[in-house]
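Participant: Sequence:
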Amino acid sequence: MKFTKDELFEIYINKVPYGGNIEGVKAAALIFFNKHPAYLSVGELTTLSVVPNRPSSLRLGKNNSAVEAVRNQWLRKFEEEGVFLSSEISDALQEHVNAQRRLLPRFAPHFSYRIKSLGGNIFTTIDLEKQRKCEQIVQTYVNGLRSRGIQNAAVMVIENGSGNVISYVGSADFYHAADAGQVDGAKAVRQPGSTLKPLLYGLCFDAGIYTPKTMVADVPCNFDGYVPENYDSKFRGEVTVEYALENSLNIPAVKALEALGKENMLTALKRCGFSSVSKHEKRLGLSLILGGCGVTLEEMSNLYRCIANKGIYSPIHYLKGVKKAATGDTILSATASFMLCEILSKVARPDLPVNWEGSKTLPRIAWKTGTSYGRKDAWSIGFNKNYTIGVWVGNFSNVGVPDLNGAAIATPLLFQLFNTIDYNSPNEWYAMPRECGVRTVCSHSGLSLISSSIKLGGQ
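Sequential numbering of the sequence shown, starting at 33, is according to the working numbering.
What the hints contain is simulated information worked out from the structure, not anything from laboratory work. Heads up, a few of these hints could be off.
List of simulated lysine-lysine pairs, DSSO-like, C-alpha gap at most 30 Å [said to hold, decoys possible]:
no., residue 1, residue 2
1, Lys408, Lys266
2, Lys162, Lys148
3, Lys37, Lys47
4, Lys47, Lys94
5, Lys352, Lys302
6, Lys311, Lys148
7, Lys58, Lys34
8, Lys417, Lys352
9, Lys352, Lys148
10, Lys37, Lys109
11, Lys219, Lys355
12, Lys378, Lys266
13, Lys355, Lys162
14, Lys408, Lys162
15, Lys311, Lys294
16, Lys219, Lys302
17, Lys417, Lys378
18, Lys342, Lys245
19, Lys302, Lys148
20, Lys219, Lys408
21, Lys302, Lys245
Please build the complete structure, drawing on both the sequences and the hints.
Facilitator: Structural data, given as structure tokens:
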């Protein structure tokens, strides 16, 4: 009394038995014929129609000849009753039943495990073609690193405008047990290295503390007992903020965080959904900007999407039909985001992989690399107008590797993915906002020439 006939029939075809643990027409079509039910032939459709009456004796894969005999009886009956055309029946009668049990398709395994608890028919944002390409690229790339002790990688690809996740690769190989391939690297908490520095400098731009040409001192410093060092243990003296970000210098970054205020940085991270930061914020100090906090690839990828979207943060989506919020949360101004894009998209950078220098296939993107303390995590996250791609490379066993760093290890994979996902993208880039001005500054001090002349009494 509750269901219509169509609803009852739908319940029936999703529950009918096909022997063993196989239930439902769709499961049987995929397992025995490797096809969606919509693409089955008349002979295959009839085969799946007769088996549920006797699933024990008409066992596909074991008693194919018996199944074929019963199927042919029904095909002739269908012909008599005009259910199908005679030509279709003739073709179907010539089809031999060669069904064998196959493994079900297992696309995007980490992502599938993540959403399986939702139940029912789930329509996701994953682009299956791009997903499979990404999986293949990641697996091939990591296979070339295993001899160097680097076992795994994870990747996320997000559409900037919609926030849809179109590719989700949790590890290089879901079935590779040597380094726990079933761990989901996209949501694993790792150390971010230098990948939070763009957000810090963007906040400093908005606060009026710095401009890209402001001069800062890269010299030994002691912050109440905390003595940071640069990646190469060298000091460069007076440098611009732009240079400090391009070269990922640690001491200027710690100075910037002290000038901005740790609480302002933590507030921005919490607004961007960094759950581990929210959980441990009371324990975090100035070292958080050098990777002294926990983040996930999912969080980092959406942070860079925020920069790509002119500083507007909004959640990412895994399911279709999710309504996009009318307005997002403004983390950075469009001006600060543009200045970060300009700095991070320069080709002449020290973190450009040597083997990609001068390459014609170098994608036009803005990107930042990061390497965690102990060389346990290599990051490279980039974006253009269309997509944001986040890459993490390392070992789930948390073993550090001397060769592991963001520039040499993670960035080539990022470039490959961009050249696959958005190859030959239109050469459109970010335009300078009207609010962003240009002025001449002193090459030594980084100060405006107008303000300098006033300080010097007009001389």
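Participant: Indicate, hint by hint, whether the structure satisfies it.
Facilitator: Taking the hints in turn, this is what the structure says about them:
no.	hint	result
1	Lys408 / Lys266	holds, 22 Å
2	Lys162 / Lys148	holds, 21 Å
3	Lys37 / Lys47	holds, 15 Å
4	Lys47 / Lys94	holds, 21 Å
5	Lys352 / Lys302	holds, 26 Å
6	Lys311 / Lys148	holds, 27 Å
7	Lys58 / Lys34	holds, 25 Å
8	Lys417 / Lys352	holds, 22 Å
9	Lys352 / Lys148	holds, 15 Å
10	Lys37 / Lys109	holds, 24 Å
11	Lys219 / Lys355	holds, 23 Å
12	Lys378 / Lys266	holds, 23 Å
13	Lys355 / Lys162	holds, 23 Å
14	Lys408 / Lys162	holds, 28 Å
15	Lys311 / Lys294	holds, 15 Å
16	Lys219 / Lys302	holds, 16 Å
17	Lys417 / Lys378	holds, 16 Å
18	Lys342 / Lys245	holds, 21 Å
19	Lys302 / Lys148	holds, 28 Å
20	Lys219 / Lys408	holds, 16 Å
21	Lys302 / Lys245	holds, 29 Å
Checked against the numbered hints given earlier, the structure satisfies every one of them.
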